[in-house]
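J.: Here are the chains, one letter per residue:
2 protein chains.
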Amino acid sequence: MQQIKNISIVGFGLVGRAMAAYFQSKGLEIRQILVRKKPIESTPFNFITQIELLEPCDLLLVCVNDDALFDLIPKLPKSQWITYTSGAIGLDVFGNAPHVSVFYPLQSFAFLREDAMAQIPILIETQSIEQLPVLKNFALEYFDTCNEMDSASRAKLHLAAVFANNFTNHMMTLATDYCQVNQLDFSLLKPLVLETAHKWMQKDANELQTGPAIRGDEKVLEKQMISLKGSMLDIYQTMTKAIQEYYKNK
Amino acid sequence: MQQIKNISIVGFGLVGRAMAAYFQSKGLEIRQILVRKKPIESTPFNFITQIELLEPCDLLLVCVNDDALFDLIPKLPKSQWITYTSGAIGLDVFGNAPHVSVFYPLQSFAFLREDAMAQIPILIETQSIEQLPVLKNFALEYFDTCNEMDSASRAKLHLAAVFANNFTNHMMTLATDYCQVNQLDFSLLKPLVLETAHKWMQKDANELQTGPAIRGDEKVLEKQMISLKGSMLDIYQTMTKAIQEYYKNK
Chain A
16 MQQIKNISIV
26 GFGLVGRAMA
36 AYFQSKGLEI
46 RQILVRKKPI
56 ESTPFNFITQ
66 IELLEPCDLL
76 LVCVNDDALF
86 DLIPKLPKSQ
96 WITYTSGAIG
106 LDVFGNAPHV
116 SVFYPLQSFA
126 FLREDAMAQI
136 PILIETQSIE
146 QLPVLKNFAL
156 EYFDTCNEMD
166 SASRAKLHLA
176 AVFANNFTNH
186 MMTLATDYCQ
196 VNQLDFSLLK
206 PLVLETAHKW
216 MQKDANELQT
226 GPAIRGDEKV
236 LEKQMISLKG
246 SMLDIYQTMT
256 KAIQEYYKNK
Chain B
16 MQQIKNISIV
26 GFGLVGRAMA
36 AYFQSKGLEI
46 RQILVRKKPI
56 ESTPFNFITQ
66 IELLEPCDLL
76 LVCVNDDALF
86 DLIPKLPKSQ
96 WITYTSGAIG
106 LDVFGNAPHV
116 SVFYPLQSFA
126 FLREDAMAQI
136 PILIETQSIE
146 QLPVLKNFAL
156 EYFDTCNEMD
166 SASRAKLHLA
176 AVFANNFTNH
186 MMTLATDYCQ
196 VNQLDFSLLK
206 PLVLETAHKW
216 MQKDANELQT
226 GPAIRGDEKV
236 LEKQMISLKG
246 SMLDIYQTMT
256 KAIQEYYKNK
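Those protein sequences? They're chains A and B, same order as listed. Using my numbering, read the first sequence as starting at 16 and increasing by one per residue. Using my numbering, read the second sequence as starting at 16 and increasing by one per residue.
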């Protein structure tokens, strides 16, 4: 079976940087990094700014945002095995292009701790059946978990992540701002938040639900609603209704 | 200054149990535990079921739910220093009752790890100025953090916790169920969720926001909305609007 002994990378944003640093630290040869503009800081990498300068490599890892991906993929050499890191874009977008595959690291890379890299679940998809074991072996050489997942399932998992990560994060933003406006120390909530996250690793969240909505504590619900306005009020009402409906028949 | 050398507890639910076990493990004398009905399991505690059998103690820790609290407090001896563990109920509810105070552990006790107990922030409030340092010293003997906080601020912090804990938990419930219905392995999302929670300890959540709403990725937003219905659709729309309004002018 073919083995991936070297890669090149396209993009040096959050994902490209993290991948380059991680693979490099693990001893993988990184031939070139294609970017629009070379970074000013000193790095150990060989940057190029023109597609024409790309040399063949075992795998070209494309770490650009979704919009750039549409334009870029058709411009890359068809003789080159390409894999991109986007979770939201289905392989069908690029038509019958067997040289294109997916290597989706299911993680948010902003301020990611370096020692969290190995635990990132890698979701892969290929159009050629021969590529699948090669890509899987490659992933498992550097990451603990690699699953094959088709574009439709990946899109659904991405939607679950919107709820589990993006929406929870905005809840935290609103709680943080509310504390600040009311001169309360948000850090008092941190042990609660961190413990709850650890519980999510062990238990189904629906076993952990607490608060006035599930208790049906109308006095507190009304008092809290009166004190809110704007987005926070909308969210309070929507979430309270959702929680009460969810547990109505349980 | 008076020192609290022994306590009794009212209630043996999640909070009462955790407090009894923790204080006992730290060597504090627990005289009696007043309950409606003695637990069947064997415990090292001295249970009573009638208020009249309560003996005087340095501090009576009342760990009952909010509804029971209203009925119970007036029935307890006025000569006894009482402190209750509810965050939502203001001291004003009990009128001018200097023997009543608040000892609010800001944590959710369901499935709480034992070694998380010491990190629970304790929020205290007393009506007598002499009690304040006594209660504070007592709290700090067993817990890392103790802050004085009045009922109005405590109610606001409780509201922030509804967003930071109760609503985020329901998001996780919806994400879990969505994965289950679609035969996706929710555990693939766990490293993402846990890392994000660790980031919340270090960074303001608004620096971490990602996802289609903040990117203004209309294609993905529309596709995701079409695939949802019921509560999940309501929440998706409310949260997307809230996120887009929040970052509009940033």
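These are calculated hints, taken from the structure and not from any lab test. Certain hints may be false.
[To be verified] Below, in silico cross-link-like pairs of lysine-lysine (BS3-like), each with a Cα-Cα straight-line distance of 30 Å or less:
#1 A:K41 to B:K53
#2 A:K218 to B:K93
#3 B:K238 to A:K205
#4 B:K171 to A:K171
#5 A:K265 to A:K218
#6 A:K265 to B:K218
#7 B:K93 to A:K265
#8 A:K265 to B:K53
#9 B:K53 to A:K90
#10 A:K218 to B:K263
#11 B:K93 to A:K256
#12 A:K171 to B:K218
#13 B:K256 to A:K244
#14 B:K263 to A:K90
#15 A:K90 to A:K151
#16 A:K234 to B:K256
#17 B:K90 to A:K234
#18 A:K53 to B:K171
#19 B:K263 to A:K263
#20 B:K52 to A:K171
#21 A:K244 to B:K244
#22 B:K52 to B:K90
#23 B:K218 to A:K244
#24 B:K151 to A:K218
#25 B:K218 to A:K41
#26 B:K218 to A:K52
#27 B:K90 to A:K256
#28 B:K53 to A:K238
#29 A:K265 to B:K244
#30 A:K171 to B:K93
#31 A:K90 to A:K218
#32 A:K234 to B:K93
#33 B:K52 to A:K256
[Claimed, not checked] Coverage of chain A stretches by chain B, computed from C-beta distances (three or more under 8 Å per stretch; other residues unrestricted):
#34 45-54
#35 57-68
#36 109-115
#37 134-141
[As the list claims (entries may be wrong)] Cβ pair distances, simulated, as ranges:
#38 B:R128 to A:E70: 30 to 38 Å
#39 B:Q252 to A:T64: 39 to 47 Å
#40 A:S40 to B:M216: 38 to 46 Å
All figures in this text were calculated on a predicted structure; none of them were measured in a lab. Ideal Cβ positions, reconstructed from N, Cα and C, are used throughout, including at glycine.
J.: If a hint holds in the structure, say so; if it does not, say that too.
T.: Tested hints:
With a C-alpha separation of about 59 Å, the suggested pair A:K41 and B:K53 falls outside the 30 Å cut-off, and the hint is violated. A hinted pair counts as satisfied when its Cα atoms are at most 30 Å apart, and A:K218 with B:K93 does not qualify at roughly 42 Å. Proximity of B:K238 to A:K205 is assessed by CA-CA distance (about 35 Å); at most 30 Å being required, the pair is judged violated. Using a Cα cut-off of 30 Å, the hinted pair B:K171 and A:K171 is violated, with the two alpha carbons roughly 36 Å apart.
About 17 Å separates the Cα atoms of A:K265 and A:K218, which keeps this hinted pair within 30 Å; it holds. At roughly 37 Å between alpha-carbon atoms, A:K265 and B:K218 are farther apart than 30 Å, so this suggested pair is violated. Distance hint between B:K93 and A:K265 is unfulfilled; the C-alpha atoms sit about 41 Å from each other, more than 30 Å. Between A:K265 and B:K53 the alpha-carbon distance is near 27 Å, which keeps this suggested pair within the 30 Å criterion.
Proposed proximity of B:K53 and A:K90 is contradicted: the alpha carbons are some 75 Å apart, above 30 Å. Annotation: proposed proximity of A:K218 to B:K263 is violated, straight-line Cα distance about 36 Å (limit 30 Å). The straight-line distance between the Cα atoms of B:K93 and A:K256 is roughly 41 Å, outside the 30 Å bound, and the hint therefore fails. At most 30 Å may separate the alpha-carbon atoms for a hinted pair to count; A:K171 and B:K218 meet this at roughly 28 Å.
In summary, the hint linking B:K256 to A:K244 is supported, as the alpha carbons are separated by about 14 Å, within the 30 Å threshold. The suggested pairing of B:K263 with A:K90 is violated, with an alpha-carbon distance near 34 Å, which exceeds 30 Å. Distance check on the hinted pair: A:K90 and A:K151 sit about 26 Å apart at the alpha-carbon level, within 30 Å; holds. Between A:K234 and B:K256, the direct Cα distance comes to roughly 28 Å. Compliance with the 30 Å bound is thereby established for this hinted pair.
Restraint check for B:K90 and A:K234: satisfied, since their Cα atoms lie roughly 23 Å apart, inside the 30 Å limit. Restraint check for A:K53 and B:K171: not satisfied, since their Cα atoms lie roughly 49 Å apart, outside the 30 Å limit. Only pairs whose Cα atoms come within 30 Å are accepted, and B:K263 paired with A:K263 is rejected, the gap being roughly 37 Å. Note on B:K52 and A:K171: the hinted pairing is violated, with a Cα-Cα distance of about 48 Å set against a maximum of 30 Å.
With a CA separation close to 26 Å, the supplied pair A:K244 and B:K244 stays within the 30 Å bound. Between B:K52 and B:K90, the direct Cα distance comes to roughly 18 Å. Compliance with the 30 Å bound is thereby established for this hinted pair. A C-alpha spacing of about 26 Å is found between B:K218 and A:K244, which places the hinted pair at or below 30 Å, so the restraint holds. Taking the CA atoms of B:K151 and A:K218, the gap is about 34 Å. The hint is violated against a cut of 30 Å.
For a cut-off of 30 Å, the pair hint linking B:K218 to A:K41 stands: about 28 Å separates their Cα positions. Pair hint B:K218 plus A:K52 holds up; C-alpha atoms about 29 Å apart against a cutoff of 30 Å. Simply put, B:K90 and A:K256 have alpha-carbon atoms about 36 Å apart, too far for the 30 Å limit, and the pair is violated. With a CA separation close to 35 Å, the supplied pair B:K53 and A:K238 exceeds the 30 Å bound.
With a CA separation close to 20 Å, the supplied pair A:K265 and B:K244 stays within the 30 Å bound. A threshold of 30 Å between alpha carbons decides the hint, and for A:K171 with B:K93 the separation of about 59 Å lies outside it, so the pair is violated. Taking the CA atoms of A:K90 and A:K218, the gap is about 47 Å. The hint is violated against a cut of 30 Å. Note on A:K234 and B:K93: the hinted pairing holds, with a Cα-Cα distance of about 27 Å set against a maximum of 30 Å.
Only pairs whose Cα atoms come within 30 Å are accepted, and B:K52 paired with A:K256 is rejected, the gap being roughly 34 Å. A count of 0 residues in the stretch 45-54 of chain A with a Cβ less than 8 Å from any Cβ of chain B is obtained; the coverage claim is therefore unmet, three being the minimum. Restraint check on the stretch 57-68 of chain A versus chain B: 0 residues with Cβ-Cβ distances below 8 Å, three needed, restraint violated. With 0 residues having a Cβ less than 8 Å from any Cβ of chain B, the stretch 109-115 of chain A misses the three-residue criterion, and the hint is violated.
Taking a C-beta to C-beta cut-off of 8 Å, the stretch 134-141 of chain A contributes 4 residues in contact with chain B, enough for the three needed, and the coverage statement holds. Taking the beta carbon of each, B:R128 and A:E70 are about 52 Å apart, not inside 30 to 38 Å as hinted. Between B:Q252 and A:T64 the beta carbon distance is about 42 Å. The supplied range of 39 to 47 Å therefore holds. Checked against the hint of 38 to 46 Å, the C-beta distance between A:S40 and B:M216 comes to roughly 25 Å, which is inconsistent with it.
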